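Work out the full structure, taking the sequences as your base and the hints as a guide.
Chain by chain, the residues:
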Amino acid sequence: MTEYNFAYLDEQTKRMIRRAILKGLAIPGYQVPFASREMPMPYGWGTGGVQVSAAVLTPSDTFKVIDQGADDTTNAVSIRTFFQRTAGVATTTATSDATVIQTRHRIPEEPLHEGQILVYQVPIPEPLRFLEPRESETRKMHSLEEYGLMHVKLYEDIIRHGHIATSYAYPVKVEGRYVMDPSPIPKFDNPKLRDMAAIQLFGAGREQRIYALPPYTQVVSLDFEDHPFEASKADHPCGMCGATDSYLDELIIDDIGGRMFVCSDTDYCEVRQAAGHKGKDAA
Amino acid sequence: MQANTLSGGFADPATQSAYAFRSVMEAMARPGTIQDIEGAAPPAPLSPAMGAVLLTLCDTETPVYLAGDMDCEAARAWLAFHTGAPFVGPAHCMFAVGTWDALTPLAVYPIGTSEYPDRSATLIVACSELAAGTTLTGPGIKDQATLSLPEVEAFQANRTLFPLGLDFIFTCGERLAALPRSTEVSRSSSEAIAQAGAS
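From first to last, the protein sequence lines stand for chains A and B.
Numbering of the first sequence is given in the working numbering, commencing with residue 1 and proceeding in unit increments.
Numbering of the second sequence is given in the working numbering, commencing with residue 1 and proceeding in unit increments.
No lab work stands behind these hints: they were computed from the structure.
Treat each hint with caution, since some may be false.
As the list claims (entries may be wrong) - Facing chain B, a subset of chain A residues (Cβ under 8 angstroms, in silico):
(1) Asn5
(2) Gln12
(3) Arg18
(4) Leu25
(5) Ala26
(6) Thr58
(7) Met141
(8) Tyr147
(9) His151
(10) Glu175
(11) Lys192
(12) Ala231
(13) Lys233
(14) Ala234
Model, not experiment: these values are computed from the prediction.
Yeah, the Cβ is synthetic: ideal placement off N, Cα and C, and Gly gets one too.
If you want it as C-alpha cells, here you go:
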C-alpha cells in the first residue's frame, strides 16, 4: 500500500478526471474530453473504466467488477485485484453489497439502488464513429443535434434484415438531446439505463472521453413508430437456475451441436441457485 | 504571510479529497440533496465546505475568480499555497467563488461552446443557509426535489442555454448542494407539476 498513491493515480490526474465527471453529470450524454493516462494494462482492457473508478473510489467503498456479467473472468479478476492492492478497498461479487461496480458490457440483472455507482468500460464512445470517421464532423453533428445519419443506419438495417439488427451498443437518446453509445451492452440491457437509481459513469481510455448519466435520467433507445425498440434475449430459460428474465450466454458443450444457455450475470445465477432454483442442466 | 495560510489543507490529501469528491459528485448527480463535506479549515471568508471543494477540484490548471469580499489577501494566499490556482477575472475562470450578490450578473462567465459545452464555469456560491425551497425537476431527480436558491429567474435563464450554461455548487458551513445546468427550476410545486404534465 505504501508503494502507490491511494487508488494508483496521482492527485492532479484524479482532479482532472473528477472535473470531467462533474461536467459529464451536468450535461448527460455529452462526451467530455479528458487527458487519459497510460495505465498498467493495455488499451481495450478497461483503462477508461479503471481511471474513472480510481477517481471515485474512497477507502470505505466495496468494489465489484464484472466482465460480460461474470465476476470470475480474467479482466474482472485483474481489475478487482488491482484496486484491492492500490486502494485497499473491500471487494465483493454480490451486486447488492457493492457501492462501486465496474462493468464491461453488462448491467447487473438485480436493480441497482441509490448510493451505488456503475462504471462502464467503453471502447468507442462515439455512436456516430462508424458512420462518420472524422471527429471534427461528429462533434459538429452533436452540436447541431444532427442525428439523421443514425436513423438512416437503423433504417438500412430494416431494409436489409427486416428488423433493426443492431443487437449491442444500441444507440440511445439522453434527455431528448444527445445521442449516446451505451457501450457494447446487449440491447436487452438498454431499458435499465433509464430511470436507474444509481449514478452511471462511462470511461473510454484510448478515446479519452468520459460521459455520465445522473440517476433517474430519461434514456430512450432510438427506433421507429412501425419498428419499435425491442429488448431481446435468447428464448430459453437459464440451464443452471431456470431464470426466464435474465440475459443468457450460449455455451457449446460438446462437438455434436450440444449447447446450453446460462445467465451471463454469474452473481444473479448463483444467488438464485442458492435459493433453490434449478434449471434443466443443473447437476 | 500568516500562519493560517499554511494550515487548513487536507492532512491526508488522497483519501480526504476522495471523500470530498464523492460529496460533490452526489450533490451534482442528485440536485437538491444536501451533502456533508469536511476536512478543510480555510481562513475566513472561505467556508470549510468551500475550502474542501476548492482543494478537491482546483490546481494550477484551473483559473479561479474570487468575487467581491472573497478577493482578499487571506483567501488568495491560502488558495495559492494549497492549490496553485491562477487568479483571473470572471470571463476566463473555470471556477468562481463568492456570495450570490458578488457573483451576479451571470452573463460574464464562460458558458462553453456548442461543440464543447463542458468548457464552462462552475460557480461556488457561499450561502447563509441550505434548506428546502424552490422546486427542482430534471436529470438526477426522482419526481421532484427542492432547494433554497438565492433567486429563480437566473437559474431558469441558465436552463434555457442547455447544453451550454453554468453549473452551481452552493456551500454553507460544512455542507453543500449543487445545481447543474440541466435542472428545471420552478417557482412553486404546482408549476413543476404543470411542467411535467406538458412535457
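Legend entry - Violating hint indices (sorted, rising): As far as the earlier hints go, 7, 8, 9, 11, 12, 13, 14 are violated by this structure, in ascending order.
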